[in-house]
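S.K.: Below, each chain spelled out in residue letters.
Number of protein chains: 2
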Amino acid sequence: MGLDLTVDAVQLTEDLVNIESVSGNEREIADAVENALAGLDHLRVQRFGNTVVARTEQGRDERVVIAGHIDTVPLNANLPARKDEQSIHGLGTCDMKGGVAIALRIAATLPNPNRDVTFLFYDGEEVEAERNGLFLLSQTDPDLLEADFAILMEPSDAVVEAGCQGTLRADVITRGERAHSARSWTGVNAIHGAAEVLTRLNAYEPRRPVIDGLEYHEGLNAVFVSGGVAGNVLPDECRVSVNYRFAPDRSEDEAIAHVREVFDGFEVEISDSAPAAMPGLSVPAAAAFVEAVGGTANPKFGWTDVARFSALGIPAVNFGPGDPHLAHKQDEFVPIDHIDEVEKRLRAWLEDEA
Amino acid sequence: MGLDLTVDAVQLTEDLVNIESVSGNEREIADAVENALAGLDHLRVQRFGNTVVARTEQGRDERVVIAGHIDTVPLNANLPARKDEQSIHGLGTCDMKGGVAIALRIAATLPNPNRDVTFLFYDGEEVEAERNGLFLLSQTDPDLLEADFAILMEPSDAVVEAGCQGTLRADVITRGERAHSARSWTGVNAIHGAAEVLTRLNAYEPRRPVIDGLEYHEGLNAVFVSGGVAGNVLPDECRVSVNYRFAPDRSEDEAIAHVREVFDGFEVEISDSAPAAMPGLSVPAAAAFVEAVGGTANPKFGWTDVARFSALGIPAVNFGPGDPHLAHKQDEFVPIDHIDEVEKRLRAWLEDEA
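Taken in order, these protein sequences are the chains called A and B.
Take 10 as the starting number for the first sequence in the numbering used here and just add one per residue.
Take 10 as the starting number for the second sequence in the numbering used here and just add one per residue.
To be clear, the hints were calculated from the coordinates, so they are not data collected in a lab.
Small disclaimer: the values here were computed from a predicted structure and weren't measured.
Incorrect hints may have been included.
Chain copies aren't distinguished; within one or between two, either way the pair holds.
Here are the simulated lysine to any residue pairs, SDA-like style, with alpha carbons at most 25 Å apart [said to hold, decoys possible]: (1) Lys338 to Leu52; (2) Lys92 to Glu350; (3) Lys353 to Asp157; (4) Lys353 to Ala296; (5) Lys338 to Gly237; (6) Lys338 to Val16; (7) Lys353 to Thr127; (8) Lys353 to Ile115.
Could you put the whole structure together from the sequences, leaning on the hints where they help?
M.R.: Here it is in structure tokens:
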């Protein structure tokens with residue numbers, strides 16, 4: 010199936026949604042994107058697995074990355090796309106084929122942008138990091154990601170969301186000694202030992218640091234708790250799994266140290282973590298972008314791939330159509346006016362005399 | 010396979026162990042018991058499912074029940090029986106074919122006891138109450154259980170263990186409101202809400218009431234805890250499953266009320282309960298029995314079927330060979346000197362001029 014890049018971004022969103030591309034099944038949509046862009050003289054198109062990179066090479070002083078993932082979460086009886094007067098509904102409309110459609114339209118119709126642009130259409134974002142096309146490219150061809158600034162077109166309500174908070178998961182473990190519950194004084198109850206862990210979580214005061222004028226909001230929460238052997242046995246282990254969301258002024262190492270400090274005296278096993286991304290709004294390119302697209306920026310609380318650019322030293326923001334709270338929901342949709350607004354703002358910024 | 014009741018109780022234990030009788034598979038052993046007893050003129054033998062009842066009817070003033078279950082927990086590569094100089098090893102040696110062998114020997118060899126005896130050999134003790142032969146008999150033929158006193162030949166280290174503590178299981182539930190863990194202030198964490206539940210468990214002071222001279226020892230313990238939806242979601246429910254073991258001076262209703270009081274302010278769901286049994290050592294028949302078999306009685310902390318007799322108003326004790334801590338263990342065994350000692354004591358008590 011081919012993609013026609015001469016249709017408007019709303020129609021293009023619908024066309025992209027109707028190419029099913031659940032993670033692991035991105036070949037068809039990557040082929041369509043590659044073929045549609047390959048015919049354009051002003052772009053240099055390269056393919057890496059099911060990730061497509063298209064670059065303008067006008068020799069501008071500045072280069073910007075515009076990126077979007079082409080995969081979706083699993084089907085949930087929500088295809089094909091359905092359009093009404095306000096919105097397009099269906100799998101991937103919000104997360105994030107609306108943003109991908111805008112990027113494709115701009116790639117196709119702005120042959121001479123005021124900044125060089127690297128368009129990235131990548132696979133495997135909705136699954137483990139090892140399958141993420143952007144991550145893989147950062148490992149194999151980091152040169153291709155070089156830029157002064159990056160825009161990730163994840164849904165952000167058509168307003169810039171800057172940086173992102175980091176995330177860390179850890180198990181806080183208490184141990185005891187098994188015994189028959191009819192003779193409980195002969196054992197040590199590990200679940201009872203977790204009282205202090207939960208008490209510390211209850212008393213925890215999350216930081217709300219202001220960075221580049223944006224107020225982030227941390228959180229430290231139990232997301233799972235488990236323990237128990239049998240209905241008549243004192244449990245010898247209890248695990249409280251906590252998720253720490255940390256503001257961009259903290260590194261992963263600092264976040265780990267913080268969690269260990271909060272649970273000082275307990276056994277702590279770090280499960281996984283991903284770094285935060287600084288909003289970078291003090292960087293001229295980023296500040297100019299926010300100014301150009303409306304002057305407003307909000308902090309991003311959740312984790313997104315902007316952190317991968319941040320790790321490469323590239324300031325990055327989220328800016329795309331759709332309500333981020335609808336991502337991964339069966340009834341996700343993207344408002345048509347978001348698509349129009351984001352495309353107009355982005356186009357104007359790339360057409361301005363910079 | 011037949012059973013020869015002229016062999017001694019040690020040999021008979023070994024023979025019984027070698028008739029595999031995992032719960033649900035008691036037909037063969039029940040047949041063997043029934044057939045072995047049916048030929049004895051001094052006993053009236055009745056069969057109910059795989060439960061065998063054998064009664065002397067000498068018109069004595071007093072009647073005593075001597076009971077044992079004939080089923081075992083599942084096979085665990087621990088058959089056939091193996092005998093060494095001190096013990097018999099294998100599935101059901103301790104729990105409780107040693108006790109059953111003694112009861113069968115006494116049934117066969119004491120045609121004219123000083124008290125009438127109702128021997129009960131019942132199935133389904135190691136599984137749910139609805140399959141317990143003693144429970145079923147108490148529902149269908151309670152007259153057959155009528156007695157002044159009951160001896161349950163469960164392993165008790167060859168010393169009388171009197172009464173038993175009750176057991177009650179309940180879930181203490183906290184509720185919250187789901188939210189993405191990156192925006193935790195928009196939700197309510199149900200696991201954090203369980204801190205107070207665990208704190209109360211930690212602070213709990215169990216009672217140790219003295220009843221008929223025996224010190225019982227209660228306990229209130231979390232046996233399971235669970236909660237959690239996903240690694241990035243605030244959980245909206247947490248369950249702490251608690252097990253309350255209560256002394257025989259408390260009824261089930263009082264135990265339920267106590268647990269509700271301890272967790273006042275929380276949602277409490279009662280899962281199941283079983284009543285305690287009073288030691289009943291102030292009843293002359295019981296006191297005389299303790300005196301006759303050695304003068305010592307210990308409190309029983311775990312729950313046993315003595316509670317079923319207690320519920321019928323019949324004082325009951327545990328008195329059998331074997332260490333109760335070995336019950337349900339792969340390497341269970343019964344000491345030969347326990348078998349000899351318990352048989353000798355019981356026989357003497359039934360032969361005395363009462």
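S.K.: Just pull the numbers of the violated hints for me, sorted ascending.
M.R.: Hints 1, 6 contradicted; others consistent.
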